[in-house]
Amino acid sequence: MPTQISVTSYYYRRGGAEAVMLDQNELLTSRGWNIVPFAMEYEKNFETEYDDYFVEEIDFASEYTPVEKVRKVVKSVYSLEARKEIGRLIDDVRPNIVHAHNVYHHLTPAIFGAIKKKGVPSVMTVHDLKIGCPSKLMLASDGVCERCKGGKTWNAVQQRCLKGSLPLSAVAALETTLHNAIGSYKKNVDLFILPSHFHTNKLVDWGLPADKTRYLPNAVDVSEMTPDYSAGERFVFVGRLSEEKGLLTFVQAVADSGVAATIVGTGPQEDELRALVERTGADVEFAGYQTGDALFDIVRAARALVLPSECYENAPVVLLEAYGVGTPVLGSDLGGIPELIVPGETGLLATAGSPASFAEQLTNMANLSDGELGDMGRAGRAFVEERFAREQYLEGLLDIYRELGAA
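Numbering (our numbering), first residue to last: 1 to 407.
For the record, the hints were derived by calculation from the structure and aren't laboratory data. Treat the numbers as computed from the prediction; the structure is a model and nothing was measured. Warning: the hint list may mix true and false statements.
[What the hints assert, rightly or not] Below, in silico cross-link-like pairs of lysine-lysine (DSS-like), each with a Cα-Cα straight-line distance of 30 angstroms or less:
no., residue 1, residue 2
1, K187, K75
2, K118, K163
3, K75, K136
4, K72, K117
5, K163, K44
6, K117, K136
7, K117, K84
8, K118, K72
9, K44, K152
10, K84, K212
11, K212, K116
12, K118, K75
13, K136, K149
14, K75, K163
15, K149, K72
16, K84, K44
17, K186, K118
18, K149, K116
Could you put together the complete structure from these sequences and hints?
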(Lines of atoms letter the chains of each structure in order from A and count residues from 1; the text may use other names and numbers.)
(Lines give C-alpha, C1' and ligand atoms only; values in the text may rest on other atoms or scores of the structure.)
Protein backbone atom coordinates (compact mmCIF):
# COMPACT_ATOMS: atom_id res chain seq x y z
CA MET A 1 0.00 0.00 0.00
CA PRO A 2 1.58 3.35 -1.03
CA THR A 3 1.86 5.98 1.70
CA GLN A 4 1.62 9.75 1.46
CA ILE A 5 2.44 12.19 4.26
CA SER A 6 -0.09 15.02 3.99
CA VAL A 7 1.28 18.27 5.39
CA THR A 8 -0.66 21.38 6.40
CA SER A 9 -0.71 23.69 9.40
CA TYR A 10 -4.27 22.78 10.42
CA TYR A 11 -5.71 19.27 10.19
CA TYR A 12 -9.40 20.12 9.87
CA ARG A 13 -11.66 21.78 7.31
CA ARG A 14 -10.60 25.32 8.18
CA GLY A 15 -10.67 26.94 4.76
CA GLY A 16 -10.22 26.40 1.04
CA ALA A 17 -6.68 24.99 1.24
CA GLU A 18 -7.61 22.49 3.93
CA ALA A 19 -10.75 21.48 2.02
CA VAL A 20 -8.68 20.76 -1.11
CA MET A 21 -6.22 18.73 0.98
CA LEU A 22 -8.90 16.65 2.72
CA ASP A 23 -10.81 15.99 -0.51
CA GLN A 24 -7.55 14.99 -2.18
CA ASN A 25 -6.74 12.60 0.68
CA GLU A 26 -10.19 11.04 0.38
CA LEU A 27 -9.62 10.40 -3.34
CA LEU A 28 -6.23 8.83 -2.69
CA THR A 29 -7.67 6.64 0.06
CA SER A 30 -10.28 5.38 -2.41
CA ARG A 31 -7.36 4.21 -4.59
CA GLY A 32 -5.73 2.29 -1.77
CA TRP A 33 -3.31 4.92 -0.46
CA ASN A 34 -2.43 5.23 3.22
CA ILE A 35 -2.60 8.88 4.26
CA VAL A 36 -0.50 10.07 7.20
CA PRO A 37 -1.18 13.65 8.41
CA PHE A 38 1.42 16.08 9.73
CA ALA A 39 0.28 19.39 11.20
CA MET A 40 0.35 21.74 14.17
CA GLU A 41 -1.40 20.81 17.41
CA TYR A 42 -4.83 22.43 17.46
CA GLU A 43 -8.01 21.73 19.38
CA LYS A 44 -10.18 21.43 16.26
CA ASN A 45 -7.90 18.94 14.48
CA PHE A 46 -9.35 15.59 13.47
CA GLU A 47 -8.32 12.68 15.63
CA THR A 48 -5.35 10.71 14.32
CA GLU A 49 -2.90 8.18 15.64
CA TYR A 50 -0.10 10.37 14.31
CA ASP A 51 -0.76 13.46 16.44
CA ASP A 52 2.26 12.62 18.61
CA TYR A 53 4.37 13.95 15.73
CA PHE A 54 2.43 17.24 15.50
CA VAL A 55 4.31 20.40 16.50
CA GLU A 56 3.50 22.83 19.28
CA GLU A 57 0.66 25.25 18.57
CA ILE A 58 1.48 28.85 17.70
CA ASP A 59 -1.45 31.19 18.28
CA PHE A 60 -0.58 34.73 17.26
CA ALA A 61 -3.64 36.04 19.13
CA SER A 62 -2.45 34.65 22.48
CA GLU A 63 -0.82 36.70 25.23
CA TYR A 64 2.77 35.50 25.47
CA THR A 65 5.52 36.74 27.79
CA PRO A 66 8.27 38.78 26.07
CA VAL A 67 10.61 35.75 26.09
CA GLU A 68 7.86 33.49 24.69
CA LYS A 69 7.09 36.04 21.98
CA VAL A 70 10.69 36.02 20.78
CA ARG A 71 10.72 32.22 20.76
CA LYS A 72 7.43 32.04 18.85
CA VAL A 73 8.61 34.60 16.29
CA VAL A 74 11.81 32.64 15.61
CA LYS A 75 9.80 29.42 15.40
CA SER A 76 7.30 30.99 12.98
CA VAL A 77 10.13 31.85 10.60
CA TYR A 78 12.15 28.61 10.83
CA SER A 79 10.80 25.76 12.94
CA LEU A 80 13.51 23.36 14.10
CA GLU A 81 10.78 21.37 15.86
CA ALA A 82 8.82 20.84 12.63
CA ARG A 83 12.01 19.89 10.81
CA LYS A 84 12.86 17.33 13.49
CA GLU A 85 9.34 15.85 13.74
CA ILE A 86 8.79 15.48 9.97
CA GLY A 87 12.12 13.63 9.85
CA ARG A 88 11.04 11.33 12.67
CA LEU A 89 7.70 10.68 10.96
CA ILE A 90 9.42 9.85 7.65
CA ASP A 91 11.70 7.37 9.41
CA ASP A 92 8.73 5.67 11.07
CA VAL A 93 6.23 5.44 8.18
CA ARG A 94 8.62 5.42 5.18
CA PRO A 95 6.33 7.28 2.75
CA ASN A 96 6.39 7.15 -1.03
CA ILE A 97 5.90 10.92 -1.16
CA VAL A 98 5.29 13.99 1.00
CA HIS A 99 2.56 16.35 -0.22
CA ALA A 100 2.52 19.79 1.41
CA HIS A 101 -0.14 22.48 1.34
CA ASN A 102 -0.06 25.61 3.55
CA VAL A 103 2.96 25.40 5.86
CA TYR A 104 3.71 29.08 6.52
CA HIS A 105 4.21 30.50 10.04
CA HIS A 106 3.46 27.24 11.90
CA LEU A 107 5.41 24.42 10.27
CA THR A 108 7.49 26.73 8.06
CA PRO A 109 9.36 25.78 4.86
CA ALA A 110 12.15 24.44 7.08
CA ILE A 111 10.49 21.03 6.72
CA PHE A 112 11.43 20.80 3.04
CA GLY A 113 15.15 20.57 3.77
CA ALA A 114 14.52 17.67 6.13
CA ILE A 115 12.35 15.89 3.55
CA LYS A 116 15.02 16.34 0.88
CA LYS A 117 17.71 15.03 3.24
CA LYS A 118 15.67 11.86 3.79
CA GLY A 119 15.55 11.25 0.03
CA VAL A 120 11.75 11.33 -0.17
CA PRO A 121 10.13 13.10 -3.14
CA SER A 122 7.98 16.12 -2.28
CA VAL A 123 5.30 18.21 -3.94
CA MET A 124 3.56 21.36 -2.77
CA THR A 125 0.14 22.54 -3.82
CA VAL A 126 0.42 26.33 -3.98
CA HIS A 127 -2.84 27.88 -2.81
CA ASP A 128 -1.68 31.52 -2.75
CA LEU A 129 1.23 33.80 -3.63
CA LYS A 130 3.14 33.53 -0.34
CA ILE A 131 6.24 32.03 -1.97
CA GLY A 132 6.87 35.43 -3.55
CA CYS A 133 4.81 37.89 -1.52
CA PRO A 134 5.21 38.22 2.28
CA SER A 135 1.50 38.98 2.68
CA LYS A 136 0.51 36.20 0.19
CA LEU A 137 -2.06 38.45 -1.54
CA MET A 138 0.07 40.86 -3.60
CA LEU A 139 -2.27 43.53 -2.30
CA ALA A 140 -1.50 46.81 -0.53
CA SER A 141 -3.65 49.66 0.74
CA ASP A 142 -3.55 51.24 -2.73
CA GLY A 143 -4.56 48.07 -4.60
CA VAL A 144 -2.76 45.22 -6.35
CA CYS A 145 0.91 45.41 -5.41
CA GLU A 146 4.08 43.82 -6.79
CA ARG A 147 6.61 46.01 -4.99
CA CYS A 148 8.42 43.03 -3.43
CA LYS A 149 9.29 41.46 -6.79
CA GLY A 150 12.99 40.76 -7.17
CA GLY A 151 13.56 40.24 -3.46
CA LYS A 152 12.58 43.78 -2.40
CA THR A 153 10.69 42.46 0.62
CA TRP A 154 11.37 45.57 2.72
CA ASN A 155 8.40 47.05 0.90
CA ALA A 156 6.13 44.77 2.93
CA VAL A 157 7.44 46.48 6.06
CA GLN A 158 7.00 49.96 4.61
CA GLN A 159 3.46 49.14 3.50
CA ARG A 160 2.63 47.30 6.75
CA CYS A 161 1.05 44.57 4.66
CA LEU A 162 0.24 42.20 7.55
CA LYS A 163 -2.85 43.54 9.33
CA GLY A 164 -1.37 47.06 9.31
CA SER A 165 1.21 45.87 11.85
CA LEU A 166 4.86 46.86 11.60
CA PRO A 167 6.14 43.89 13.70
CA LEU A 168 4.01 41.30 11.88
CA SER A 169 5.00 42.71 8.50
CA ALA A 170 8.67 42.64 9.49
CA VAL A 171 8.43 38.98 10.53
CA ALA A 172 6.67 38.06 7.27
CA ALA A 173 9.29 39.91 5.23
CA LEU A 174 12.07 38.15 7.15
CA GLU A 175 10.45 34.75 6.55
CA THR A 176 10.16 35.30 2.80
CA THR A 177 13.68 36.72 2.51
CA LEU A 178 15.27 33.89 4.49
CA HIS A 179 13.58 31.01 2.69
CA ASN A 180 14.20 32.50 -0.74
CA ALA A 181 17.86 33.02 0.18
CA ILE A 182 18.45 29.45 1.38
CA GLY A 183 16.29 27.91 -1.32
CA SER A 184 13.75 26.22 0.95
CA TYR A 185 11.27 26.08 -1.92
CA LYS A 186 13.31 26.19 -5.12
CA LYS A 187 16.02 23.72 -4.05
CA ASN A 188 14.08 21.35 -1.82
CA VAL A 189 10.58 20.98 -3.30
CA ASP A 190 10.57 18.66 -6.30
CA LEU A 191 7.37 19.89 -7.98
CA PHE A 192 4.82 22.64 -7.39
CA ILE A 193 1.14 22.03 -8.18
CA LEU A 194 -0.83 25.16 -9.12
CA PRO A 195 -4.61 25.28 -9.69
CA SER A 196 -4.58 28.30 -12.03
CA HIS A 197 -2.53 29.38 -15.02
CA PHE A 198 -2.49 32.92 -13.62
CA HIS A 199 -0.76 31.97 -10.39
CA THR A 200 1.62 29.70 -12.28
CA ASN A 201 2.69 32.50 -14.61
CA LYS A 202 2.84 35.08 -11.83
CA LEU A 203 5.08 32.99 -9.55
CA VAL A 204 7.33 31.95 -12.45
CA ASP A 205 7.67 35.65 -13.29
CA TRP A 206 8.72 36.15 -9.65
CA GLY A 207 11.38 33.44 -9.87
CA LEU A 208 9.73 30.06 -9.28
CA PRO A 209 11.44 27.51 -11.62
CA ALA A 210 9.06 26.95 -14.54
CA ASP A 211 10.26 23.38 -15.04
CA LYS A 212 9.07 22.54 -11.53
CA THR A 213 5.50 23.79 -11.96
CA ARG A 214 2.54 21.59 -12.87
CA TYR A 215 -0.96 22.91 -13.58
CA LEU A 216 -3.69 20.87 -11.89
CA PRO A 217 -7.08 22.57 -11.48
CA ASN A 218 -9.16 22.02 -8.36
CA ALA A 219 -11.88 19.40 -8.50
CA VAL A 220 -15.53 19.47 -7.48
CA ASP A 221 -17.79 16.48 -6.94
CA VAL A 222 -21.03 17.52 -8.61
CA SER A 223 -22.57 14.05 -8.46
CA GLU A 224 -24.32 14.95 -5.20
CA MET A 225 -25.27 18.48 -6.33
CA THR A 226 -28.78 18.94 -7.68
CA PRO A 227 -28.87 21.85 -10.15
CA ASP A 228 -31.76 24.28 -10.44
CA TYR A 229 -31.85 26.19 -13.71
CA SER A 230 -34.75 28.48 -12.80
CA ALA A 231 -33.88 32.16 -12.46
CA GLY A 232 -33.43 33.45 -8.91
CA GLU A 233 -33.94 37.03 -7.77
CA ARG A 234 -31.03 37.82 -5.45
CA PHE A 235 -27.33 38.01 -6.27
CA VAL A 236 -25.14 36.28 -3.70
CA PHE A 237 -21.57 36.58 -2.42
CA VAL A 238 -20.00 33.74 -0.42
CA GLY A 239 -16.70 34.13 1.39
CA ARG A 240 -14.72 35.96 4.04
CA LEU A 241 -15.79 39.53 4.61
CA SER A 242 -12.41 41.18 4.16
CA GLU A 243 -10.94 44.01 2.13
CA GLU A 244 -9.43 41.95 -0.69
CA LYS A 245 -12.82 40.45 -1.60
CA GLY A 246 -14.07 43.73 -3.10
CA LEU A 247 -17.26 43.89 -1.06
CA LEU A 248 -17.37 47.68 -0.74
CA THR A 249 -17.41 47.78 -4.54
CA PHE A 250 -20.14 45.12 -4.58
CA VAL A 251 -22.41 46.89 -2.09
CA GLN A 252 -22.07 50.21 -3.94
CA ALA A 253 -22.83 48.46 -7.24
CA VAL A 254 -25.93 46.83 -5.71
CA ALA A 255 -27.12 50.24 -4.56
CA ASP A 256 -26.43 51.86 -7.94
CA SER A 257 -28.12 49.10 -9.95
CA GLY A 258 -31.11 48.65 -7.65
CA VAL A 259 -30.80 44.84 -7.50
CA ALA A 260 -31.10 42.68 -4.38
CA ALA A 261 -28.18 40.80 -2.85
CA THR A 262 -27.23 38.45 -0.05
CA ILE A 263 -23.81 38.33 1.59
CA VAL A 264 -22.87 34.99 3.13
CA GLY A 265 -19.93 34.87 5.49
CA THR A 266 -18.26 36.64 8.38
CA GLY A 267 -15.09 38.65 8.72
CA PRO A 268 -13.37 41.85 9.84
CA GLN A 269 -15.13 44.10 7.32
CA GLU A 270 -18.69 43.24 8.35
CA ASP A 271 -19.36 46.39 10.40
CA GLU A 272 -18.02 48.63 7.62
CA LEU A 273 -20.19 46.83 5.07
CA ARG A 274 -23.30 47.15 7.22
CA ALA A 275 -22.61 50.87 7.58
CA LEU A 276 -22.28 51.24 3.80
CA VAL A 277 -25.57 49.40 3.29
CA GLU A 278 -27.21 51.80 5.73
CA ARG A 279 -25.78 54.87 3.99
CA THR A 280 -26.58 53.80 0.43
CA GLY A 281 -29.89 52.04 1.05
CA ALA A 282 -28.63 49.01 -0.85
CA ASP A 283 -30.94 45.99 -0.72
CA VAL A 284 -28.41 43.70 0.97
CA GLU A 285 -29.08 41.09 3.61
CA PHE A 286 -26.37 39.43 5.69
CA ALA A 287 -26.82 35.68 6.08
CA GLY A 288 -23.79 35.05 8.32
CA TYR A 289 -21.72 31.89 8.12
CA GLN A 290 -23.38 29.03 6.23
CA THR A 291 -22.18 25.60 5.21
CA GLY A 292 -23.38 22.32 3.76
CA ASP A 293 -26.90 22.04 2.34
CA ALA A 294 -27.94 25.43 3.73
CA LEU A 295 -25.18 27.13 1.76
CA PHE A 296 -25.90 25.21 -1.44
CA ASP A 297 -29.61 26.10 -1.13
CA ILE A 298 -28.75 29.83 -1.01
CA VAL A 299 -26.42 29.61 -4.01
CA ARG A 300 -28.84 27.40 -5.96
CA ALA A 301 -31.64 29.94 -5.46
CA ALA A 302 -29.48 32.93 -6.50
CA ARG A 303 -29.67 34.76 -9.80
CA ALA A 304 -25.87 34.62 -9.89
CA LEU A 305 -22.90 34.17 -7.61
CA VAL A 306 -20.79 37.35 -7.50
CA LEU A 307 -17.02 37.33 -6.90
CA PRO A 308 -15.89 40.98 -6.89
CA SER A 309 -12.34 40.21 -5.67
CA GLU A 310 -9.73 42.96 -5.89
CA CYS A 311 -6.73 40.68 -5.35
CA TYR A 312 -5.13 37.94 -7.44
CA GLU A 313 -7.48 35.07 -6.62
CA ASN A 314 -6.18 31.62 -7.47
CA ALA A 315 -9.01 29.22 -8.40
CA PRO A 316 -12.04 29.74 -6.14
CA VAL A 317 -13.79 26.43 -5.47
CA VAL A 318 -17.00 28.31 -4.59
CA LEU A 319 -17.22 29.40 -8.24
CA LEU A 320 -17.11 25.79 -9.43
CA GLU A 321 -19.67 24.80 -6.80
CA ALA A 322 -22.02 27.51 -8.09
CA TYR A 323 -21.79 25.97 -11.54
CA GLY A 324 -22.48 22.61 -9.95
CA VAL A 325 -25.87 23.78 -8.68
CA GLY A 326 -26.69 25.52 -11.97
CA THR A 327 -25.96 29.13 -10.97
CA PRO A 328 -24.11 31.56 -13.30
CA VAL A 329 -21.21 33.67 -11.99
CA LEU A 330 -20.32 37.36 -12.24
CA GLY A 331 -16.65 37.83 -11.39
CA SER A 332 -13.76 40.27 -11.46
CA ASP A 333 -11.48 40.35 -14.48
CA LEU A 334 -8.49 39.76 -12.21
CA GLY A 335 -6.27 36.84 -11.20
CA GLY A 336 -7.49 33.32 -11.89
CA ILE A 337 -11.20 34.17 -11.99
CA PRO A 338 -11.37 34.91 -15.76
CA GLU A 339 -10.04 31.38 -16.45
CA LEU A 340 -13.22 29.98 -14.91
CA ILE A 341 -15.84 32.19 -16.59
CA VAL A 342 -16.83 32.05 -20.25
CA PRO A 343 -18.36 35.52 -20.76
CA GLY A 344 -21.87 35.34 -22.13
CA GLU A 345 -21.99 31.55 -21.69
CA THR A 346 -21.40 30.68 -18.03
CA GLY A 347 -21.49 34.21 -16.61
CA LEU A 348 -20.04 37.69 -17.01
CA LEU A 349 -16.89 39.62 -16.06
CA ALA A 350 -16.63 43.13 -14.59
CA THR A 351 -13.70 45.43 -13.94
CA ALA A 352 -12.17 44.78 -10.52
CA GLY A 353 -12.63 47.70 -8.12
CA SER A 354 -15.16 49.49 -10.35
CA PRO A 355 -18.65 49.95 -8.84
CA ALA A 356 -19.83 51.32 -12.21
CA SER A 357 -18.69 48.22 -14.11
CA PHE A 358 -20.22 45.84 -11.57
CA ALA A 359 -23.44 47.86 -11.51
CA GLU A 360 -23.64 47.63 -15.31
CA GLN A 361 -23.12 43.86 -15.29
CA LEU A 362 -25.55 43.34 -12.40
CA THR A 363 -28.13 45.22 -14.45
CA ASN A 364 -27.32 43.13 -17.51
CA MET A 365 -27.81 39.92 -15.55
CA ALA A 366 -30.98 41.25 -13.95
CA ASN A 367 -32.38 41.92 -17.45
CA LEU A 368 -31.63 38.45 -18.83
CA SER A 369 -34.67 36.28 -19.44
CA ASP A 370 -35.30 33.17 -17.39
CA GLY A 371 -34.38 31.10 -20.43
CA GLU A 372 -31.07 32.90 -20.95
CA LEU A 373 -30.12 32.47 -17.29
CA GLY A 374 -31.11 28.82 -17.45
CA ASP A 375 -28.83 28.33 -20.45
CA MET A 376 -25.97 29.95 -18.53
CA GLY A 377 -26.60 27.61 -15.61
CA ARG A 378 -26.57 24.56 -17.86
CA ALA A 379 -23.38 25.73 -19.56
CA GLY A 380 -21.71 26.21 -16.18
CA ARG A 381 -22.74 22.73 -15.04
CA ALA A 382 -21.38 21.20 -18.26
CA PHE A 383 -18.16 23.25 -17.90
CA VAL A 384 -17.43 21.90 -14.41
CA GLU A 385 -18.39 18.33 -15.32
CA GLU A 386 -16.06 18.32 -18.32
CA ARG A 387 -13.02 20.03 -16.82
CA PHE A 388 -13.08 19.74 -13.04
CA ALA A 389 -14.24 16.20 -12.28
CA ARG A 390 -12.72 14.40 -9.29
CA GLU A 391 -11.51 11.44 -11.35
CA GLN A 392 -9.69 13.78 -13.73
CA TYR A 393 -8.05 15.45 -10.76
CA LEU A 394 -6.99 12.14 -9.23
CA GLU A 395 -5.45 10.90 -12.47
CA GLY A 396 -3.61 14.20 -12.91
CA LEU A 397 -2.31 14.00 -9.36
CA LEU A 398 -1.14 10.41 -9.76
CA ASP A 399 0.60 11.34 -13.02
CA ILE A 400 2.59 13.93 -11.06
CA TYR A 401 3.42 11.36 -8.39
CA ARG A 402 4.47 8.88 -11.12
CA GLU A 403 6.76 11.52 -12.59
CA LEU A 404 8.64 11.43 -9.28
CA GLY A 405 8.59 7.65 -9.08
CA ALA A 406 6.16 7.72 -6.15
CA ALA A 407 3.14 5.93 -7.65
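Comparing the hints with the structure gives:
{"no.": "1", "hint": "K187 - K75", "verdict": "holds, 21 angstroms"}
{"no.": "2", "hint": "K118 - K163", "verdict": "violated, 37 angstroms"}
{"no.": "3", "hint": "K75 - K136", "verdict": "holds, 19 angstroms"}
{"no.": "4", "hint": "K72 - K117", "verdict": "holds, 25 angstroms"}
{"no.": "5", "hint": "K163 - K44", "verdict": "holds, 24 angstroms"}
{"no.": "6", "hint": "K117 - K136", "verdict": "holds, 27 angstroms"}
{"no.": "7", "hint": "K117 - K84", "verdict": "holds, 12 angstroms"}
{"no.": "8", "hint": "K118 - K72", "verdict": "holds, 26 angstroms"}
{"no.": "9", "hint": "K44 - K152", "verdict": "violated, 37 angstroms"}
{"no.": "10", "hint": "K84 - K212", "verdict": "holds, 26 angstroms"}
{"no.": "11", "hint": "K212 - K116", "verdict": "holds, 15 angstroms"}
{"no.": "12", "hint": "K118 - K75", "verdict": "holds, 22 angstroms"}
{"no.": "13", "hint": "K136 - K149", "verdict": "holds, 12 angstroms"}
{"no.": "14", "hint": "K75 - K163", "verdict": "holds, 20 angstroms"}
{"no.": "15", "hint": "K149 - K72", "verdict": "holds, 27 angstroms"}
{"no.": "16", "hint": "K84 - K44", "verdict": "holds, 24 angstroms"}
{"no.": "17", "hint": "K186 - K118", "verdict": "holds, 17 angstroms"}
{"no.": "18", "hint": "K149 - K116", "verdict": "holds, 27 angstroms"}
The structure shown violates the earlier hints numbered 2 and 9.
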